[in-house]
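Protein sequences appear in the order of chains A and B.
Be aware that the first sequence starts at 1, since it is given in the working numbering, and climbs by one per residue.
Be aware that the second sequence starts at 1, since it is given in the working numbering, and climbs by one per residue.
Think of the hints as simulated: they come from the structure by calculation, not from any bench.
Computed from a predicted structure; not experimentally measured.
Certain hints may be false.
[As the list claims (entries may be wrong)] Subject to a maximum C-alpha distance of 27 angstroms in a straight line, what follows is the list of computed BS3-like cross-link-like pairs (lysine-lysine):
| no. | chain 1 | residue 1 | chain 2 | residue 2 |
| --- | --- | --- | --- | --- |
| 1 | B | K163 | A | K8 |
| 2 | A | K136 | A | K272 |
| 3 | A | K136 | A | K99 |
| 4 | B | K95 | A | K8 |
| 5 | B | K155 | B | K95 |
| 6 | A | K8 | A | K114 |
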Amino acid sequence: MEFIIRHKSIVAFISFTLFCIISLSVQSSTFTLTAEGIVSALVSPFQKAYDGIQGGISRIWAGFTELTEVRDELKMTRAKLQKYESMIEEMSEIKRENKRLRDLLAMQERVEFKSIPASIISKDPDNWFRTIVINKGSGDGIRVNMPVIAYQGGQLAVVGTVMEVRGGLSRIAPIISPAVRIGVKLQESRFPGLLCGYSGNSNLCKMDYISRAAFITFGDVVITSGQGGVFPPGIIVGSVIKSYALESSAYQRAIVKPVIDYNLVEDVFVIKKDLDSDLFKIFEEEKAE
Amino acid sequence: MILTYVFTGLIILISLLVQGHPSFDVLRIAGVKPDLIFIAVIYLSYSFGSFYGEVTGFIGGLLHDVVSLSPLGMLTFPKFAIAFVVGMYGRSLFKSNILTTSLLLFAASIVKGFITLFLCYVFNEASASSVLSIILPEAFYNALLAPPLFFIFDKIFEGELEKEGYR
Chain A
1 MEFIIRHKSI VAFISFTLFC IISLSVQSST FTLTAEGIVS ALVSPFQKAY DGIQGGISRI
61 WAGFTELTEV RDELKMTRAK LQKYESMIEE MSEIKRENKR LRDLLAMQER VEFKSIPASI
121 ISKDPDNWFR TIVINKGSGD GIRVNMPVIA YQGGQLAVVG TVMEVRGGLS RIAPIISPAV
181 RIGVKLQESR FPGLLCGYSG NSNLCKMDYI SRAAFITFGD VVITSGQGGV FPPGIIVGSV
241 IKSYALESSA YQRAIVKPVI DYNLVEDVFV IKKDLDSDLF KIFEEEKAE
Chain B
1 MILTYVFTGL IILISLLVQG HPSFDVLRIA GVKPDLIFIA VIYLSYSFGS FYGEVTGFIG
61 GLLHDVVSLS PLGMLTFPKF AIAFVVGMYG RSLFKSNILT TSLLLFAASI VKGFITLFLC
121 YVFNEASASS VLSIILPEAF YNALLAPPLF FIFDKIFEGE LEKEGYR
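In isolation and in its complexed conformation, chain B is listed as follows (with noise of 0.2 angstroms):
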């Protein structure tokens, strides 16, 4: 389980340095980048269940919220809160292929969305214009890289999945 972590740690903290450095701005499309780290947390919690993919979610978010200087859990909430959900029903409703997953990420991603915009509203300022500039870009993107980044983390987490006995 240590290489899990281990694994976890460096997904996380790569997906940050490529969503947070502006070297990676060519990532950029229709202006958005895409959420690597939800996406791992999304991984995390389709693979190895709830609890892990909520805590992977909330540390994750958490770090999501200091390099973008965000409002402490507004970037977090969305990210535990659906690998939550996911890591309940996930299996249960979707199969691991490449059509499901990037299904999955493209309603995870448009729900991540809609509480990010919510908890904007709430706390902050929001725009009904985010749900086409940002919410649904993101999702499109997420979905589209979802498949072979799903594929990657596969091939890392392989091994542990199999010890572990999530497969």
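So that you can see chain A by itself, here it is in the shape it has in the complex (with noise of 0.2 angstroms):
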């Protein structure tokens, strides 16, 4: 017992030896088959909390790469998720103009006028001068000196006149613009004027030329004369906000405040309406002179 027990390595390693080869031999021989049994029914258990663990080890592995699968996933989702909120933008954008397009069908059939509707492309594209840029030119019939309308808050208001036309663009000069000069009148009194911007920025307008006999009060609304020939008469123009009587004249001046927001509005009608010829030539001769 104690040269085993000194020779513990040597004695360990001719028993493993002795074992292996006997195994190894058992396999290779028609004996095989009784000796897996047995050797089987040894090592089953060890397969056995092998393959549990194997199981569960694969299983947890499995979540690991999984988990790299689904943050791709994800990242893709994420990607995709944008494509559609954008697209969901979009269709409610398209919403929004449908409904706008329907209601400025609407409003055409509402105008009295023949009139061609246009949308607005670009506003004030210079810093010193409000003009308005359309999407209709003299393609679709318009002329320079054409009435502008539009319709806000369902009322119909003078938007500004045509002041360049191209093959599919015209420039329009709103009535903010110190550019254009409309005729109209006080809707409850009847006193007459002459309507231009205030300034070459500002959003209001002055009416000049009103009779100092005239009694103008806040609120008083401005409509278009009709004369001069451009504007059909009686489209809203806007309401005083103030007035008051020029020293050196024999007329009173009225702030006005247009009723179109030319920061809002986004469709225009051109009234399809030629200038009186013979107005026209007189203002021509006019200028000449």
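Combine the two chains into a complex, taking the hints into account.
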């Protein structure tokens, strides 16, 4: 016994070697079947335990690998979501446009004059001059000096006049531009006047040449008079916010706030109305003089 | 010493799982996986002596045979035989450093490979091409992994080695 303990290494080596040789010999001979059964019975608990552990590890590992896949999928899904969100935005924009166009169509029916509907594609391209660019031009029958109106808040109001026409575009001078002059009158008192933009970059208009006899109050409605041959009569322009008498003049002046908010207006109607040819001739002659 | 057995058991178990589970096929280089059980056995033999190494080699080899469905003894014999030799002469031949552990594992793996080839030849079927396709790549792989694994094992068994007087 002492010999075995002292030389346990060698004893173990010999024992293990014998075990291996016998095992390998048995497995490679005809006796294998029975021996395999015995070995199988011996190792099956280990196999089962291993299978169990392996299965667990496999699931954990699968979890890790799937996590990467899930992360990738999440990235893809987020990208898709962004795309769909932008599509929803686009759709709602289309819906809004659709509604706007429907309203426009309904409005066109309400406009008594023969008109050309147009959308504003640009506003104030220059800082110093108030202009509006619309998507209709000479190809659509628009001519210089044609009046432009729009609906805002269910109310038909004056926008301005066409100052420049190109093939598919037109430039409109709004009534807040000092370059535009329109014959107007106070709706209530019927006193006439001449309306033009207050200053180059203001949103207000001034109504000049109002008789001193006129009693002007805050909120008085100003409408087109039809004089001058540009605008049909009776279209709302705005309301008076202030009035004062000019010292060196026989007239008084009213400051008018237009009904149309130029920041909000999107669609306009160009009234197909040519200037009265006789009046136009007179203007031209006056200009030449 | 109980902790040594526990750590040994755990190392063998983890090595078996890493080698046996297809999930770790990513470890394959040139079609071969490293023999982690063998590296562990060599370490234990080198650190704890011949007997401990060969017993671990025998048990680890048997389990390796079981999980790899090879004839019982085919992978067991080379492990405990080399563990026996390394346990006997390893410390006197190889000082523990990166180069020598790599060299030790490379040499041990080559010998193990040829023993396995011989056993295959005697008890099963053998092909000379295994030298190039299995023995050499595995030897290189084991040699490559030996230094980091030896370092990890050193850390694991540090206390036990000092307690048992192996250091």
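Structure-based check of each hint:
1. Note on K163 (chain B) and K8 (chain A): the hinted pairing holds, with a Cα-Cα distance of about 22 angstroms set against a maximum of 27 angstroms.
2. Among the hinted pairs, K136 (chain A) with K272 (chain A) is consistent with the structure: their alpha-carbon atoms are about 13 angstroms apart, no more than 27 angstroms.
3. Only pairs whose Cα atoms come within 27 angstroms are accepted, and K136 (chain A) paired with K99 (chain A) is accepted, the gap being roughly 21 angstroms.
4. As the CA atoms of K95 (chain B) and K8 (chain A) are separated by approximately 25 angstroms, the hinted pair is consistent with the 27 angstroms bound.
5. For the proposed pair K155 (chain B) and K95 (chain B), the alpha carbon gap of about 17 angstroms is at most 27 angstroms, so the pair holds.
6. A threshold of 27 angstroms between alpha carbons decides the hint, and for K8 (chain A) with K114 (chain A) the separation of about 117 angstroms lies outside it, so the pair is violated.
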